[in-house]
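**Q** Chains as they are written, first to last, in numbering that gives the first Met the number 0: chain H, 0 to 296; chain C, 0 to 382.
Treat the hints loosely; a few may be bogus.
[Claimed, not checked] Lysine to aspartate or glutamate pairs mimicking DMTMM-like chemistry, simulated, CA-CA at most 25 angstroms apart:
{"#": "1", "chain 1": "H", "residue 1": "Lys-196", "chain 2": "H", "residue 2": "Asp-171"}
{"#": "2", "chain 1": "C", "residue 1": "Lys-170", "chain 2": "H", "residue 2": "Asp-209"}
{"#": "3", "chain 1": "C", "residue 1": "Lys-115", "chain 2": "H", "residue 2": "Glu-101"}
{"#": "4", "chain 1": "C", "residue 1": "Lys-170", "chain 2": "H", "residue 2": "Glu-39"}
{"#": "5", "chain 1": "C", "residue 1": "Lys-145", "chain 2": "C", "residue 2": "Glu-208"}
{"#": "6", "chain 1": "C", "residue 1": "Lys-181", "chain 2": "H", "residue 2": "Asp-194"}
{"#": "7", "chain 1": "H", "residue 1": "Lys-286", "chain 2": "C", "residue 2": "Glu-171"}
{"#": "8", "chain 1": "C", "residue 1": "Lys-39", "chain 2": "C", "residue 2": "Asp-60"}
{"#": "9", "chain 1": "H", "residue 1": "Lys-196", "chain 2": "C", "residue 2": "Asp-60"}
{"#": "10", "chain 1": "H", "residue 1": "Lys-196", "chain 2": "C", "residue 2": "Glu-224"}
{"#": "11", "chain 1": "H", "residue 1": "Lys-97", "chain 2": "C", "residue 2": "Glu-224"}
{"#": "12", "chain 1": "C", "residue 1": "Lys-115", "chain 2": "H", "residue 2": "Asp-168"}
{"#": "13", "chain 1": "H", "residue 1": "Lys-147", "chain 2": "H", "residue 2": "Asp-194"}
{"#": "14", "chain 1": "C", "residue 1": "Lys-145", "chain 2": "C", "residue 2": "Glu-374"}
{"#": "15", "chain 1": "H", "residue 1": "Lys-229", "chain 2": "H", "residue 2": "Asp-151"}
{"#": "16", "chain 1": "H", "residue 1": "Lys-97", "chain 2": "C", "residue 2": "Asp-318"}
{"#": "17", "chain 1": "C", "residue 1": "Lys-39", "chain 2": "C", "residue 2": "Asp-254"}
{"#": "18", "chain 1": "C", "residue 1": "Lys-170", "chain 2": "H", "residue 2": "Asp-25"}
{"#": "19", "chain 1": "C", "residue 1": "Lys-145", "chain 2": "C", "residue 2": "Asp-357"}
{"#": "20", "chain 1": "C", "residue 1": "Lys-298", "chain 2": "H", "residue 2": "Asp-88"}
{"#": "21", "chain 1": "C", "residue 1": "Lys-115", "chain 2": "H", "residue 2": "Glu-39"}
{"#": "22", "chain 1": "H", "residue 1": "Lys-286", "chain 2": "H", "residue 2": "Asp-55"}
{"#": "23", "chain 1": "C", "residue 1": "Lys-115", "chain 2": "H", "residue 2": "Asp-23"}
{"#": "24", "chain 1": "H", "residue 1": "Lys-97", "chain 2": "H", "residue 2": "Asp-35"}
{"#": "25", "chain 1": "C", "residue 1": "Lys-115", "chain 2": "H", "residue 2": "Glu-110"}
{"#": "26", "chain 1": "C", "residue 1": "Lys-181", "chain 2": "C", "residue 2": "Glu-208"}
{"#": "27", "chain 1": "C", "residue 1": "Lys-170", "chain 2": "H", "residue 2": "Glu-36"}
{"#": "28", "chain 1": "C", "residue 1": "Lys-18", "chain 2": "H", "residue 2": "Asp-23"}
{"#": "29", "chain 1": "H", "residue 1": "Lys-97", "chain 2": "H", "residue 2": "Asp-55"}
{"#": "30", "chain 1": "C", "residue 1": "Lys-18", "chain 2": "H", "residue 2": "Glu-110"}
{"#": "31", "chain 1": "C", "residue 1": "Lys-115", "chain 2": "H", "residue 2": "Asp-55"}
{"#": "32", "chain 1": "H", "residue 1": "Lys-97", "chain 2": "C", "residue 2": "Asp-254"}
{"#": "33", "chain 1": "H", "residue 1": "Lys-97", "chain 2": "H", "residue 2": "Glu-140"}
It should be emphasised that the hints constitute simulated quantities derived from the structure, not laboratory data.
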Amino acid sequence: MAELQAFAPGIYPRSEALVQATRDLDRGRTTPEAVDEQIERDLAELISAEQAAGLDLVADGMLRWQDHFRPLLEAAEGLETGALTRFRDTNTFFRAPKATGEPRLSQPLDERYVAPLPGPRLVTLPSPYALAHGTGISPREIAEGVLKPALDGLAAELVVLAEPFLGSDGLDDLAAALEVLGGGPKLALWLEFGDAKSALQNGAAELPVDGLGIDFYATHVDDVPQGFDKLLLAGVIDARSSVPEEPREIAAFVERLEVEQVALVPNGDLQYVSQQVAQEKLARLGKAKTATTEAAA
Amino acid sequence: MTFLTHEIGSLAKPPWLVKTSQGRELDPSDIEHARSWGEKVGVEGHEELVELLERGGADPDEVARWSSRYCVRLQESAGLDVIWDGEQLRSEMYAWAIAHANGFEPRGTVRSFDNKYYSKSAATGPVGLREPYHNEEFSFLQSVAKARLKIPITGAYTLAVWSYDEHHTPKEGRLGAGYGRKQEIEARRELTLDIARNLIRPNLEALIELGADWIQIDEPGASTEADELDLFVESFNVSVEGLDCFFSTHLCFSDYDLFFPAIEGMSGCRQYCVGFANYDSRELGTSGADRPGYEVISKFRDLSYEPILGLGVLDIHTDFVESPELVRDRILYAVEVFGDPARIHVCPDCGLRTRSWDVAYEKLRALVEGCRLAEEALTRATV
Numbered sequence: 000m001a002e003l004q005a006f007a008p009g010i011y012p013r014s015e016a017l018v019q020a021t022r023d024l025d026r027g028r029t030t031p032e033a034v035d036e037q038i039e040r041d042l043a044e045l046i047s048a049e050q051a052a053g054l055d056l057v058a059d060g061m062l063r064w065q066d067h068f069r070p071l072l073e074a075a076e077g078l079e080t081g082a083l084t085r086f087r088d089t090n091t092f093f094r095a096p097k098a099t100g101e102p103r104l105s106q107p108l109d110e111r112y113v114a115p116l117p118g119p120r121l122v123t124l125p126s127p128y129a130l131a132h133g134t135g136i137s138p139r140e141i142a143e144g145v146l147k148p149a150l151d152g153l154a155a156e157l158v159v160l161a162e163p164f165l166g167s168d169g170l171d172d173l174a175a176a177l178e179v180l181g182g183g184p185k186l187a188l189w190l191e192f193g194d195a196k197s198a199l200q201n202g203a204a205e206l207p208v209d210g211l212g213i214d215f216y217a218t219h220v221d222d223v224p225q226g227f228d229k230l231l232l233a234g235v236i237d238a239r240s241s242v243p244e245e246p247r248e249i250a251a252f253v254e255r256l257e258v259e260q261v262a263l264v265p266n267g268d269l270q271y272v273s274q275q276v277a278q279e280k281l282a283r284l285g286k287a288k289t290a291t292t293e294a295a296a
Numbered sequence: 000m001t002f003l004t005h006e007i008g009s010l011a012k013p014p015w016l017v018k019t020s021q022g023r024e025l026d027p028s029d030i031e032h033a034r035s036w037g038e039k040v041g042v043e044g045h046e047e048l049v050e051l052l053e054r055g056g057a058d059p060d061e062v063a064r065w066s067s068r069y070c071v072r073l074q075e076s077a078g079l080d081v082i083w084d085g086e087q088l089r090s091e092m093y094a095w096a097i098a099h100a101n102g103f104e105p106r107g108t109v110r111s112f113d114n115k116y117y118s119k120s121a122a123t124g125p126v127g128l129r130e131p132y133h134n135e136e137f138s139f140l141q142s143v144a145k146a147r148l149k150i151p152i153t154g155a156y157t158l159a160v161w162s163y164d165e166h167h168t169p170k171e172g173r174l175g176a177g178y179g180r181k182q183e184i185e186a187r188r189e190l191t192l193d194i195a196r197n198l199i200r201p202n203l204e205a206l207i208e209l210g211a212d213w214i215q216i217d218e219p220g221a222s223t224e225a226d227e228l229d230l231f232v233e234s235f236n237v238s239v240e241g242l243d244c245f246f247s248t249h250l251c252f253s254d255y256d257l258f259f260p261a262i263e264g265m266s267g268c269r270q271y272c273v274g275f276a277n278y279d280s281r282e283l284g285t286s287g288a289d290r291p292g293y294e295v296i297s298k299f300r301d302l303s304y305e306p307i308l309g310l311g312v313l314d315i316h317t318d319f320v321e322s323p324e325l326v327r328d329r330i331l332y333a334v335e336v337f338g339d340p341a342r343i344h345v346c347p348d349c350g351l352r353t354r355s356w357d358v359a360y361e362k363l364r365a366l367v368e369g370c371r372l373a374e375e376a377l378t379r380a381t382v
């Protein structure tokens, strides 16, 4: 049986209490300190949920990140926030990165954006291709100027680079950028939400990263190339669906994967469902790992 | 020659409505808000509301009707030609529709952006209408408004694409099966047309029966999937086909190029009100280079059925108040592109509910003043 892990990269949804606190903050009805306290409570609750689910790497849920780019844009020279842009078929928006000059991270991400965690952890950052998307700057320049300096200060078992935009082209540019990011923590490229078939056919499995994430709600299992030798981040929790997954179905699916190392993950950020739904999905992610292990025993 | 001006959708709910709805105590500043805005925009009998708020324990529905009156007068006072009440009698554009429909269940709160959120539901069964859900509002506004009314209704495609679908999408069997876009789109089509036929159309018929002559079908979600634009068009046509009314649609925060050529088949839409200012420069100027946010408007001009363009000239995501001169230049550029001022209406990019009333009011006044400046410039040019 494949070596099996489970974890949940990406932005995690806010609790109803944090939703209310941030709404109150915007309306002048509470203080930033009170919101900070609620974020800490949300974080503690998330860590407990991840530990209870038996996840192998803990993630901080990026609870202070407004979107996948904002803290980096605010900490970088040569980049700023652009137009509010819809993310795929969701009603969730992000501020698209906009270039104003040569990109340079002027200060590392602090504990507000990479929270201290107990035990082995993962960190999620945008992939260089995603951060460069639409700016006119090459992914390699973004990697050199912004992401490499951000990575240099990180202590993590795994850094997951979230990539929602990559199509059948762009792989060469992405590969050049990923080369720059090597030499530090292990890296995984997480192809969020979408059929990875064309990317795989064009060589995504050969990219210079330790792991590759694939959305198996859109990608056929047979599209994973023979001899795949990286950690496969198998997107088996559908973060755009409110339906809770069936752990036994996931276990049966994992049996069909002909790879050596598998990590069960969502197929994208869980922020696209509510916290109540995400909690259930997180629990089922852990149950799926257990069910897979039991099925193989 | 004058440009018709109109609102797009929502306005912020005032603190005295928010707190009353939540059963919270009002501050003196809330009462003052009601008093000062009542005087500022000329709400008849606003002293009655002030007394009501001072006494405490007011009925939230009654306070919401007052808020509706305030927003009507706010827009009339700003000088808009066609108005609505900015969603004061609705919870929100998605939640209100879903709350009055059969076949949906709530699934919690999801972030829209930053600290803005929305309640998201799942389609769990066949869609049905409990009762026409804008009739009471429209009848009330007919009794209040002095200006012409336009009533917005959230469109079928947006309701579908903003919902989870637990009814048409298979619950099992998708994992690793290459469940492709074709199947996703077919599931979305079933849900969207179900909503168009059984939720939107009956509402439109009821509003027309009450006397509505301009209905804006809001579709802010229309372009979220480039390969579903034909479905958006089909759902619009199914919703309005054969009905006698001026139908418009509102599109915002999208890559508008995506709508072409799909909307060539949407000839029942007589006006597109579209947000452009969000993408535009704040510098003055009337050339194409000066107005990058408006580059796409020639495509709306070239539609064979010659719809009117509702030109978004106010960025609703910022407190920056556009100068009348900036509004003027955006209009003049659009007139230059269209070659026919009669095909241009002027409006904000979208609803102004994320702005304070102070900012929204100043923006709307600038919009109206910008129209006057544009009219003067065009008049001078023809003399």
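**Q** Hint by hint, note whether the structure agrees.
**A** Okay, the hints, checked on the actual structure:
1. Simply put, Lys-196 of chain H and Asp-171 of chain H have alpha-carbon atoms about 16 angstroms apart, close enough for the 25 angstroms limit, and the pair holds.
2. Taking the CA atoms of Lys-170 of chain C and Asp-209 of chain H, the gap is near 32 angstroms; set against the 25 angstroms cutoff, the hint is violated.
3. Under the criterion of a C-alpha separation no larger than 25 angstroms, the hint pairing Lys-115 of chain C with Glu-101 of chain H is inconsistent with the structure, at around 32 angstroms.
4. With a C-alpha separation of about 35 angstroms, the suggested pairing of Lys-170 of chain C with Glu-39 of chain H is violated against the 25 angstroms cut-off.
5. The hinted pair formed by Lys-145 of chain C and Glu-208 of chain C meets the criterion: a straight-line CA distance of about 20 angstroms does not exceed 25 angstroms.
6. Annotation: proposed proximity of Lys-181 of chain C to Asp-194 of chain H holds, straight-line Cα distance about 12 angstroms (limit 25 angstroms).
7. A C-alpha spacing of about 17 angstroms is found between Lys-286 of chain H and Glu-171 of chain C, which places the hinted pair at or below 25 angstroms, so the restraint holds.
8. A distance of roughly 23 angstroms separates the Cα atoms of Lys-39 of chain C and Asp-60 of chain C; the hinted pair therefore holds under the 25 angstroms criterion.
9. A threshold of 25 angstroms between alpha carbons decides the hint, and for Lys-196 of chain H with Asp-60 of chain C the separation of about 54 angstroms lies outside it, so the pair is violated.
10. Among the hinted pairs, Lys-196 of chain H with Glu-224 of chain C is consistent with the structure: their alpha-carbon atoms are about 19 angstroms apart, no more than 25 angstroms.
11. Between Lys-97 of chain H and Glu-224 of chain C the alpha-carbon distance is near 23 angstroms, which keeps this suggested pair within the 25 angstroms criterion.
12. Among the hinted pairs, Lys-115 of chain C with Asp-168 of chain H is inconsistent with the structure: their alpha-carbon atoms are about 34 angstroms apart, more than 25 angstroms.
13. Proposed proximity of Lys-147 of chain H and Asp-194 of chain H is contradicted: the alpha carbons are some 28 angstroms apart, above 25 angstroms.
14. As the CA atoms of Lys-145 of chain C and Glu-374 of chain C are separated by approximately 24 angstroms, the hinted pair is consistent with the 25 angstroms bound.
15. Distance restraint check for Lys-229 of chain H and Asp-151 of chain H: the Cα-Cα separation of roughly 23 angstroms lies within the 25 angstroms cut-off, and the hinted pair is therefore satisfied.
16. Our distance criterion of 25 angstroms between C-alpha atoms is met by Lys-97 of chain H and Asp-318 of chain C, whose separation comes to about 20 angstroms.
17. Taken as a hint, the Lys-39 of chain C and Asp-254 of chain C pair is broken in the structure, with Cα atoms around 39 angstroms apart against an allowance of 25 angstroms.
18. Only pairs whose Cα atoms come within 25 angstroms are accepted, and Lys-170 of chain C paired with Asp-25 of chain H is rejected, the gap being roughly 38 angstroms.
19. With a CA separation close to 22 angstroms, the supplied pair Lys-145 of chain C and Asp-357 of chain C stays within the 25 angstroms bound.
20. Of the supplied pair hints, the one linking Lys-298 of chain C and Asp-88 of chain H holds, its CA atoms being roughly 24 angstroms apart against a limit of 25 angstroms.
21. Between Lys-115 of chain C and Glu-39 of chain H, the direct Cα distance comes to roughly 20 angstroms. Compliance with the 25 angstroms bound is thereby established for this hinted pair.
22. Proposed proximity of Lys-286 of chain H and Asp-55 of chain H is supported: the alpha carbons are some 13 angstroms apart, at most 25 angstroms.
23. The hinted pair formed by Lys-115 of chain C and Asp-23 of chain H meets the criterion: a straight-line CA distance of about 11 angstroms does not exceed 25 angstroms.
24. At most 25 angstroms may separate the alpha-carbon atoms for a hinted pair to count; Lys-97 of chain H and Asp-35 of chain H exceed this at roughly 29 angstroms.
25. Restraint check for Lys-115 of chain C and Glu-110 of chain H: satisfied, since their Cα atoms lie roughly 24 angstroms apart, inside the 25 angstroms limit.
26. With a C-alpha separation of about 39 angstroms, the suggested pairing of Lys-181 of chain C with Glu-208 of chain C is violated against the 25 angstroms cut-off.
27. Proximity of Lys-170 of chain C to Glu-36 of chain H is assessed by CA-CA distance (about 38 angstroms); at most 25 angstroms being required, the pair is judged violated.
28. Using a Cα cut-off of 25 angstroms, the hinted pair Lys-18 of chain C and Asp-23 of chain H holds, with the two alpha carbons roughly 12 angstroms apart.
29. For the proposed pair Lys-97 of chain H and Asp-55 of chain H, the alpha carbon gap of about 36 angstroms is over 25 angstroms, so the pair is violated.
30. At roughly 35 angstroms between alpha-carbon atoms, Lys-18 of chain C and Glu-110 of chain H are farther apart than 25 angstroms, so this suggested pair is violated.
31. At most 25 angstroms may separate the alpha-carbon atoms for a hinted pair to count; Lys-115 of chain C and Asp-55 of chain H exceed this at roughly 32 angstroms.
32. Between Lys-97 of chain H and Asp-254 of chain C the CA atoms are separated by roughly 16 angstroms; this keeps the pair inside 25 angstroms, and the hint holds.
33. Our distance criterion of 25 angstroms between C-alpha atoms is met by Lys-97 of chain H and Glu-140 of chain H, whose separation comes to about 14 angstroms.
Of the numbered hints stated above, those contradicted by the structure are hints 2, 3, 4, 9, 12, 13, 17, 18, 24, 26, 27, 29, 30 and 31, listed in ascending order.
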